[in-house]
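**Q** Residues per chain, in single letters:
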Amino acid sequence: MRAGFTLSDRAVGLLFIAPFLAAAIFFMVYPVVEAIRMAFYSYNPLRPDLSTFVGLRNFEFIFADPLFWDSFWQATVWTLLSIVFQTVFGVAIALLLHQALPGIALFRGLLLFPYIVPTVVIALIWRWIFNPEIGVVNYALQSASLIKEPIYWLSTPSMAMASTILLNVWKYTPFVVICVLARLQTVPLELYDAAKVDGAGVVRRFLDVTLPQLKEVLIVVIVFRTIWTFNKFEEIYLLTKGGPGTSTFNLAVYSFEQSIANLRLGVGAATGVVMMVMLSIGSIIYLRVSGFGQDEKSP
Amino acid sequence: MTRIEFWTLTRRLASYAVLSAVTFIVCFPLVWALSTSLKPKSEIFATPPTLIPHAATTENYKALLTGRPQYFQSGGQQVTSGTTPAQFFTRWFVNSVIVTLGSTLISITISTLAAYSLTRFRYWGRTVVPYFSLLGYMVPSIIFVFPLFLVMVQLNLTDSLLSLVLGYVCITLPFCMWLMWAFMRSIPIEIEEAALIDGASRLQVFRQVVLPTALPGIIAAAIFSMIVSWNDYLFGRVFLNSLDNLTLTVGVMLFFEGTHVDWGLLMAASVLMTVPMAILFMALQRHLVAGFGAGAVKG
Amino acid sequence: MTTRRIREPSELQIGRRQVLTGMAAAGVTASTGLGSAFAQSTRTGVVRVWGEPGPYGGVAVAAMNEWAQKNAPGLKFEIESIPWDGVYVKLMTDLAARRPPSLISVESPIAMQLMAEGLLTPVDDLVEKIGRNRLVDGVKWEYWGAWKGQQFIIPAHHQPHLLLVRMDIAKELGLSDPDTWDWNDLLNAAKTISQKKPDMAGFCMALGRNLCTDYHFSALLHSAGGKMFDAANKFEVAFDSPQTVEALTFVKELQAYMPKGAVEYSFLQVVDAHVTGRTAMSFYWGRTLGRAAEEAKPIFEATEAFNHARHPTTKRRSNWNDFQGWCIPAQNNPFVDEVKQALIYQQTSKDWLIKYCHSLMPNVAPTYRDVADAPELRDHAFYKSKPRTVDTYFKTSLAHSSSTANELLQGVNPLAGIVHGRSVLAQTVQKVVIDNMKPQDAAKWGAKELSDIRRENMRLLG
Chain A
1 MRAGFTLSDR
11 AVGLLFIAPF
21 LAAAIFFMVY
31 PVVEAIRMAF
41 YSYNPLRPDL
51 STFVGLRNFE
61 FIFADPLFWD
71 SFWQATVWTL
81 LSIVFQTVFG
91 VAIALLLHQA
101 LPGIALFRGL
111 LLFPYIVPTV
121 VIALIWRWIF
131 NPEIGVVNYA
141 LQSASLIKEP
151 IYWLSTPSMA
161 MASTILLNVW
171 KYTPFVVICV
181 LARLQTVPLE
191 LYDAAKVDGA
201 GVVRRFLDVT
211 LPQLKEVLIV
221 VIVFRTIWTF
231 NKFEEIYLLT
241 KGGPGTSTFN
251 LAVYSFEQSI
261 ANLRLGVGAA
271 TGVVMMVMLS
281 IGSIIYLRVS
291 GFGQDEKSP
Chain B
1 MTRIEFWTLT
11 RRLASYAVLS
21 AVTFIVCFPL
31 VWALSTSLKP
41 KSEIFATPPT
51 LIPHAATTEN
61 YKALLTGRPQ
71 YFQSGGQQVT
81 SGTTPAQFFT
91 RWFVNSVIVT
101 LGSTLISITI
111 STLAAYSLTR
121 FRYWGRTVVP
131 YFSLLGYMVP
141 SIIFVFPLFL
151 VMVQLNLTDS
161 LLSLVLGYVC
171 ITLPFCMWLM
181 WAFMRSIPIE
191 IEEAALIDGA
201 SRLQVFRQVV
211 LPTALPGIIA
221 AAIFSMIVSW
231 NDYLFGRVFL
241 NSLDNLTLTV
251 GVMLFFEGTH
261 VDWGLLMAAS
271 VLMTVPMAIL
281 FMALQRHLVA
291 GFGAGAVKG
Chain C
1 MTTRRIREPS
11 ELQIGRRQVL
21 TGMAAAGVTA
31 STGLGSAFAQ
41 STRTGVVRVW
51 GEPGPYGGVA
61 VAAMNEWAQK
71 NAPGLKFEIE
81 SIPWDGVYVK
91 LMTDLAARRP
101 PSLISVESPI
111 AMQLMAEGLL
121 TPVDDLVEKI
131 GRNRLVDGVK
141 WEYWGAWKGQ
151 QFIIPAHHQP
161 HLLLVRMDIA
171 KELGLSDPDT
181 WDWNDLLNAA
191 KTISQKKPDM
201 AGFCMALGRN
211 LCTDYHFSAL
221 LHSAGGKMFD
231 AANKFEVAFD
241 SPQTVEALTF
251 VKELQAYMPK
261 GAVEYSFLQV
271 VDAHVTGRTA
281 MSFYWGRTLG
291 RAAEEAKPIF
301 EATEAFNHAR
311 HPTTKRRSNW
321 NDFQGWCIPA
331 QNNPFVDEVK
341 QALIYQQTSK
351 DWLIKYCHSL
361 MPNVAPTYRD
371 VADAPELRDH
381 AFYKSKPRTV
391 DTYFKTSLAH
401 SSSTANELLQ
411 GVNPLAGIVH
421 GRSVLAQTVQ
431 KVVIDNMKPQ
441 DAAKWGAKEL
451 SDIRRENMRL
461 LG
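Line by line, the protein sequences give chains A, B and C.
If you're matching positions, the first sequence starts at 1 in my numbering and goes up one per residue.
If you're matching positions, the second sequence starts at 1 in my numbering and goes up one per residue.
If you're matching positions, the third sequence starts at 1 in my numbering and goes up one per residue.
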């Protein structure tokens, strides 16, 4: 450069990656390593001076704790149902939006909007509109004579689970829509024309043309959303705090409660380690189906 | 009218009808929140509930924006009862803006530099970093939060906005890194090579050729980062302590957890904290679809 | 670090201090000049104070700011209200973050946990200045928190939950005087109301997984003569008992007449249910009346509070009393001296203490005789319209006081805070009311959780 100082290419490359490496080591690697280390310690946050190494005792504790397994199965139910609904609604809405209609941009904007609404806001709105006594949803259902008794949306284990799933579907279906829409835009129109010429109806065209084209993106999105949904904390904690009883606990809420309410940071961390193991499995599946790594060999 | 035109018209009308119905259901919770926020206390619990307030008022918004205190009677005098959440609303808003912009700026800078380095230079480990980032992206915040919290304690940074900026970098950087990497990879290298042959330095090429081309990716990553930081509750809840330092999500939950829920005020707060994200979203909606297409679904 | 300038000659200081001690001992509470015993502080900053939601924390802090104006003009006391259901998260994160507030107002189980962990500053010096003999009849300093011969907590107020009854409904249905009820009468009253008033629950208490349920259930447990730990026997767990089963069975019987949503109710929803007329009776602190007066005048006028129904055989009418006190964190607290002085100032000012009580009648009861007996305290609309109810909250409830931190007043229990942090009692109740577990099995489950707590925290038992 001007001052006769030129960085070699390699130096520029390393210089550019350096901040990332520093941040990654400090803010990602270290906390994760620390989380794993804590899983082997008894750690009361009020008395860090008493922290002691306990070997596998935290893991023994969680595997012997019925609540851990309840949380695990409840998380599985909540994840599966959320994903099914998100995928079905997501594809349906994406197809609706993938039309050349005047004003479609407005609809698209409104339908994607829930994705950016803060979880705190949604949880509060949910508690307001689904309030059994003063909420507008029960009022509407009652005045339409669809129900006689008010529905206790958050007071019975099954309804509370349904309400959290509803919230999750409402907030994250747009994510599926975004991904599917992005893919739909790349489907060559000729494929449809060919199918039309062959005399295929709307349903056939969807099954024969659209769905195969979406297969890859859907698998990726499903794996992704499964990993995330399984580990969600705020959606559940802010709406039900895991209740009533412990009927909407998942592992994230379990970990949080163990860490803070029970003052067992070690047990919370051990739960985190179990979650990490499970998500690594999910990530491997993701890498396989998404085909990352294969194209590295042929740049 | 020909038959084809007739069918097209019918199909369009049907599409609009379905789209409108879906949009109504999706948007209803937000519309209801807006409606509640504009009602005077007497109308909030009115039966039948009103969608459009009869006596619309901006009282709730005024209370939040001017920080109105509460009073009680003692010995015939009005005495202020000290601090109320409403008094801190504007402060929390500013705090949220600061941490959102701060963490986004850092994440974007680091990830753009790193992505350029990873896709344009050859050195050991460059293929591992994206996978590593992907994994980091999938690790849920609940695992990071306590170890990172203990780091902040060591650094004496707890209860500061800086701790939150760093915390959000930690959760947004992996995705930004990955998205920028996917995006950079898809930018043809030929233009840069041409510029280099013309005698431009690496840094000049980066500034004048790469950055402008990468802008859509940068915008998508920035939107993602801002949404995550603005909406987070968990990190704010754990890292921040004093009222002055809270962010919106943590502070607004204080309105709810008291003994007396002022739904009008709460819904007004919900609306106000959604507005910045809504503006951002409307302005940059297109990029979101394009960018997520590149990142989440792999280009 | 900051420095402190001595503005007054030290002889004068000693002189004033002697006068002060004399004044306090004599129970004189005029507060002028009190602060000058303390060398004026030149430090600046915000002194964080935790209080529960409600205006009284703000009033206490206003008093402290008045002290600061005179004695530490650079300081500003600021109240942070900590929602009950969030208090453990807040405690954990703030103390672990080494950012504790400088002063905490909290109920006795939590205060005693902090005390036993060695996280609080002893305050025996303050007790003398505030007046050791000022306490109202029926309470002792240790109810708020004393440990191994040292006082760690200064009383802020006492605060029982009682039985609130809509007297208009009781009259209409010909129910007897709630003051004479035992458990069976309460149950029958709830049943009668539920049957005759279709839009209204007979009774309401919290059944959610939260602190409120813990506190509501404790009153029934203690009435039955049951307890969690045996303070006389090294805090051995005593929860797996017929008394626990009895209390759980009673809750299950009452549940039939409670609002359906009660299984997720906490503090807020119980108040809501009463104030909106969705229940005729409820367990609650005085706050319900304060809110009803603002929002639902007729319900306020019709509601009276009673000591809890007697247990049929033990004849106990145990309530739950918060015994809310002021604690001063010992570690990472830059303002210990200033806070102590400000606390003395507030605690010796009858005016401010009356304002404190008046800020939410009759939720916070006075702890000092001179305040409780002051004619100014009675100068409040509630005292005029509901003298018996207010007196029940303020005075006669004390004969039936209990709390998990001092079960049946048989000794200070430092494990109670941890029990509530983990919502062990509420979860035991929920096993019965949600999962339909047999009370015997739920009691066993609870006892196991309690023995875990005892085992993990032996260090606190000394």
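Don't read these hints as lab results, they were simulated from the structure.
Note that CB positions come from ideal geometry on N, CA and C, so glycine has one too.
A few of these clues could be false.
Unchecked claim - Calculated cross-link-like contacts (lysine-lysine; reagent style BS3-like; alpha-carbon spacing at most 25 Å): (1) K148(A) to K297(C); (2) K148(A) to K191(C); (3) K260(C) to K148(A); (4) K41(B) to K350(C); (5) K197(C) to K148(A).
Stated by the list, open to error - Okay, the calculated beta carbon distance ranges per label pair: (6) Q70(B) to D49(A): 38 to 44 Å; (7) N156(B) to D137(C): 44 to 50 Å; (8) T66(B) to L15(A): 48 to 54 Å; (9) M458(C) to E216(A): 18 to 24 Å; (10) S143(A) to I4(B): 24 to 30 Å; (11) N332(C) to L101(B): 29 to 35 Å; (12) L14(A) to Q69(C): 26 to 32 Å; (13) L196(B) to D193(A): 53 to 59 Å; (14) K448(C) to S51(A): 57 to 63 Å.
**Q** Does each hint hold? Answer for all of them.
**A** Tested hints:
Taking the CA atoms of K148(A) and K297(C), the gap is about 31 Å. The hint is violated against a cut of 25 Å. Our distance criterion of 25 Å between C-alpha atoms is met by K148(A) and K191(C), whose separation comes to about 23 Å. Simply put, K260(C) and K148(A) have alpha-carbon atoms about 15 Å apart, close enough for the 25 Å limit, and the pair holds. At roughly 36 Å between alpha-carbon atoms, K41(B) and K350(C) are farther apart than 25 Å, so this suggested pair is violated.
Simply put, K197(C) and K148(A) have alpha-carbon atoms about 18 Å apart, close enough for the 25 Å limit, and the pair holds. At roughly 41 Å, the beta-carbon separation of Q70(B) and D49(A) lies within the given 38 to 44 Å, and the hint holds. Between N156(B) and D137(C) the beta carbons are some 48 Å apart, a value that agrees with the proposed interval 44 to 50 Å. Range check, T66(B) to L15(A): Cβ separation about 49 Å, and the 48 to 54 Å hint holds.
Evaluation of the 18 to 24 Å hint for M458(C) and E216(A) yields a failure: the beta carbon distance comes to about 58 Å. At about 43 Å, the CB distance of S143(A) to I4(B) disagrees with the hint of 24 to 30 Å. Our hint of 29 to 35 Å for N332(C) and L101(B) holds, since their Cβ atoms are close to 30 Å apart. Taken as a hint, the range 26 to 32 Å is violated for the pair L14(A) and Q69(C), whose Cβ atoms sit roughly 59 Å apart.
Taking the beta carbon of each, L196(B) and D193(A) are about 44 Å apart, not inside 53 to 59 Å as hinted. Checked against the given bound of 57 to 63 Å, the beta carbons of K448(C) and S51(A), roughly 25 Å apart, lie outside it.
In terms of the numbered hints stated before, the structure departs from hints 1, 4, 9, 10, 12, 13 and 14, listed from lowest to highest.
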